[in-house]
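Asks: One-letter residues, chain by chain:
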Amino acid sequence: MYRYDAIDKAFVADRTAEFAGQVARRLSGEITEDQFKPLRLMNGLYLQLHAYMLRVAVPYGTLSPVQLRQLASIARTYDKGYGHFTTRQNIQFHWIKLADTPAILNELAEVEMHALQTSGNCIRNITSDPRAGATAEEVDDPRVWSEVIRQWSAIHPEFSFLPRKFKIAVTAAPKDRTAAKLHDIGLILRRARDGSLGFEVIAGGGMGRTPYVGPTIRQHLPVGSLLSYLEAILRVYNRHGRRDNIYKARIKILVAQLGAEEFARQVEAEWEQIDQPSVDLPDTELARVRGFFDTPAFVSLPPKSEAFEAAKAADPALARFARNNVHPHKQPGYAIVDISLKAPGETPGDATAEQMDVVADLGERYSLGEIRVTHEQNLVLPHVRLDDVAAVFAALKAAGLATANINLVSDIIACPGLDYCALANARAIPIAQDIALKFAEPEKAELIGELKIKISGCINACGHHHVGHIGILGVDKKGEEFYQLTLGGSAAEDAEVGKILGPGLPANKVADAVDQLVDVYLRERKDGERFLDTYRRTGLTPFKEAVYAEAH
Amino acid sequence: MPKLIKLVGQTAEWADDSYLLVADEDPIPGQGDVVLPLARFQAEGGALLDEGRSVGVFLQADQAVEDLAYDLPRLSLVAVNFAKFRDGRGFTSARLLRERFGFGGEIRAVGEVLREQASFFVRCGFDAFEPSDGSTPQEWLAAAHRFRHVYQRAADNRPPAYVERNG
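Protein chains in written order, with numbering that gives the first Met the number 0: chain A, 0 to 551; chain B, 0 to 166.
A couple of the hints might just be wrong.
To be verified - If you anchor each label on the Cβ, the simulated ranges turn out as follows: (1) Pro327/A with Arg164/B: 33 to 41 Å; (2) Leu97/A with Ala141/B: 20 to 28 Å; (3) Pro295/A with Ala141/B: 38 to 46 Å; (4) Asp493/A with Asp61/B: 33 to 41 Å; (5) Gly8/B with Asp33/A: 32 to 40 Å.
What the hints assert, rightly or not - Below, simulated DSBU-like cross-link-like pairs (lysine-lysine); rule was C-alpha separation at most 30 Å, straight line: (6) Lys174/A with Lys329/A; (7) Lys396/A with Lys437/A; (8) Lys303/A with Lys396/A; (9) Lys508/A with Lys543/A; (10) Lys329/A with Lys303/A; (11) Lys247/A with Lys476/A; (12) Lys443/A with Lys498/A; (13) Lys396/A with Lys443/A; (14) Lys5/B with Lys36/A; (15) Lys498/A with Lys247/A; (16) Lys36/A with Lys2/B; (17) Lys83/B with Lys247/A; (18) Lys36/A with Lys83/B; (19) Lys443/A with Lys525/A; (20) Lys83/B with Lys164/A; (21) Lys437/A with Lys498/A; (22) Lys166/A with Lys83/B; (23) Lys83/B with Lys2/B.
These are computed hints drawn from the structure, not numbers from a lab.
For every residue, glycine included, the Cβ atom is placed at its ideal position computed from N, Cα and C.
Kindly generate the complete structure, drawing on both the sequences and the hints.
Replies: Written out as structure tokens, the structure reads:
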């Protein structure tokens, strides 16, 4: 993992001191809430329905045990004993007192964390692959480039007052676990035929009320030119992005309006004029950052663990966990273990302080000190010996964290919705809970296989409903909550925006409708097809007929 | 009228404003330094410069600095307007003026100009400010230098972290 040096530490300390001063001025009444709002938003502090919410950056989803324990301590001391992991790999605390925020930021700084740029119209926390450094699929470690972008974008003098927020994803595997094509900029690391490392640059993807799968604006950007090219994109956007309408201010609108080709031309023209060597990092600094992500101290192990095989044979629950939550590692004898934060009936993405402590201990003892957060609101132990999976499973089970449902129907993304959020039109969490309980029977969930359900409580789409295999959008119809279903979305390498199934449904019909959709899939599917594949082959009609049959 | 703060070396001071901002509809006074809106400068600025007067341009956020490039060597001041503090286009304008066009005159931040943004202004090349929040030079300077380190090169020539690390 990256470790702060004296410069990084001083930088965060300066920021914390600045915000402490601003909070003091607010509490004393020297500045009004109106004046304070932009200041707190630069520090991840939102005013929600019931309390302040503090969003803490988890840089590209990587956490050390020490950091996770500190988050647990903050949850216990300053919140109601839990935190909420988000679709941007961050963590939110929903019950924060304004007067406590300087102390919280100090405690975060002690473990090299901050809430910088987790809100406001600036470059936000970088999204990356939660399996970075552990999967054999990747051509390079995307965390190196994520950290490079994190530093470059930190309090950027020119790009901190953009037309709108700006999200960047970096991945290096063909299987995209970052939703790169739905970001303002998606960067996909590849090797060219000559072996050189470069980024496919995607710009103008996004969700919200006008979803777009981003177009590729450059096929192969040499990695060393990353920052100057980003500067060119950001400058074109800062100058020409719309500022008259908050809903048309994201870069996706500019790219769509200009067309990808013209946008790319403007970026290239700007890029040519930039003094690139003054922006791009020298190789020595790239090497320094890369050094933090060296291969950890793996030991030589046989590719198969007899102990693990025996334990699976003896315990069907462990076998199920292994099938769904344990994934191949690049190092023989190791595995990537996903920890679901989607126990049926619970709030997706929530973890209690006690659970965070358990995961921190497991990360320390069994995963070479590394823990990851996924954009699907789960956690990952990236480097677990196969020999240890049974012990990890037992510890997770005792903590209520062994739900074996990764990528299954109950592994639902949901935004906080009307239970917390001032923007929401409808609740999202209870809908997720209804569906998860309906499919709580693990045999049935496994029979259904991969099915990504994503729920947003309003059109801002924080729950990524546009790209759910089944997407669910909460809307307000004359004071009543209704839910609009979409089918066929995907946030992965085959990214696509889902299509609306039909008229909205009342809250108590949503889980039934999902059940009906699943029945159609089970009836129609051919060998090996996922829900998404069947939908893509059959189209909307059979699904629509099933859900709206009674209306005819 | 907001008062003018200027950076002088490593400090900031109150400064007298010798320029008169002439709106589109107002007559240009017979003498003294003036700041003109871009279009008016393009129409009438040349004649004033020929008289040997100091002339500045009042640049709106949506006006491209490229349109000024040809005249920059003759300009003593560019006043970049922030109609709203949230509108960050003026930061790009200032950086381009300094870094791309090598403008050495005064770049002044006017409009909704807040102390909390002081470091952004200074880093992008502004050296004069009309704070709209009543900030004093001392407060402005403290805010501008709050961060001991920076991570990028900009118009202020501060060494970024990666240079300091190798220093």
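Asks: All hints, please: hold or fail.
Replies: Right, here's what the structure says about each hint:
Remark: the range hint 33 to 41 Å for Pro327/A to Arg164/B is upheld by a beta-carbon distance near 37 Å. Taken as a hint, the range 20 to 28 Å holds for the pair Leu97/A and Ala141/B, whose Cβ atoms sit roughly 23 Å apart. In this structure the supplied range 38 to 46 Å holds for Pro295/A paired with Ala141/B, their Cβ-Cβ distance being about 43 Å. Separated by about 39 Å at the C-beta atoms, Asp493/A and Asp61/B satisfy the suggested range of 33 to 41 Å.
About 35 Å separates the C-beta atoms of Gly8/B and Asp33/A, a value consistent with the hinted range of 32 to 40 Å. Distance restraint check for Lys174/A and Lys329/A: the Cα-Cα separation of roughly 15 Å lies within the 30 Å cut-off, and the hinted pair is therefore satisfied. Distance check on the hinted pair: Lys396/A and Lys437/A sit about 21 Å apart at the alpha-carbon level, within 30 Å; holds. A C-alpha spacing of about 24 Å is found between Lys303/A and Lys396/A, which places the hinted pair at or below 30 Å, so the restraint holds.
The straight-line distance between the Cα atoms of Lys508/A and Lys543/A is roughly 14 Å, inside the 30 Å bound, and the hint therefore holds. Between the alpha carbons of Lys329/A and Lys303/A the distance comes to roughly 13 Å, so the proposed pair stays at or under 30 Å and holds. Proximity of Lys247/A to Lys476/A is assessed by CA-CA distance (about 24 Å); at most 30 Å being required, the pair is judged to hold. Of the supplied pair hints, the one linking Lys443/A and Lys498/A holds, its CA atoms being roughly 26 Å apart against a limit of 30 Å.
Restraint check for Lys396/A and Lys443/A: the C-alpha separation of about 20 Å stays at or below 30 Å, so the hint holds. Taking the CA atoms of Lys5/B and Lys36/A, the gap is about 28 Å. The hint holds against a cut of 30 Å. Taking the CA atoms of Lys498/A and Lys247/A, the gap is about 21 Å. The hint holds against a cut of 30 Å. Distance restraint check for Lys36/A and Lys2/B: the Cα-Cα separation of roughly 25 Å lies within the 30 Å cut-off, and the hinted pair is therefore satisfied.
Distance restraint check for Lys83/B and Lys247/A: the Cα-Cα separation of roughly 18 Å lies within the 30 Å cut-off, and the hinted pair is therefore satisfied. With a C-alpha separation of about 15 Å, the suggested pair Lys36/A and Lys83/B falls inside the 30 Å cut-off, and the hint holds. As the CA atoms of Lys443/A and Lys525/A are separated by approximately 17 Å, the hinted pair is consistent with the 30 Å bound. Using a Cα cut-off of 30 Å, the hinted pair Lys83/B and Lys164/A holds, with the two alpha carbons roughly 17 Å apart.
Restraint check for Lys437/A and Lys498/A: satisfied, since their Cα atoms lie roughly 24 Å apart, inside the 30 Å limit. Between the alpha carbons of Lys166/A and Lys83/B the distance comes to roughly 23 Å, so the proposed pair stays at or under 30 Å and holds. With a C-alpha separation of about 18 Å, the suggested pairing of Lys83/B with Lys2/B holds against the 30 Å cut-off.
Comparing the model with each numbered hint stated earlier shows that all of them hold.
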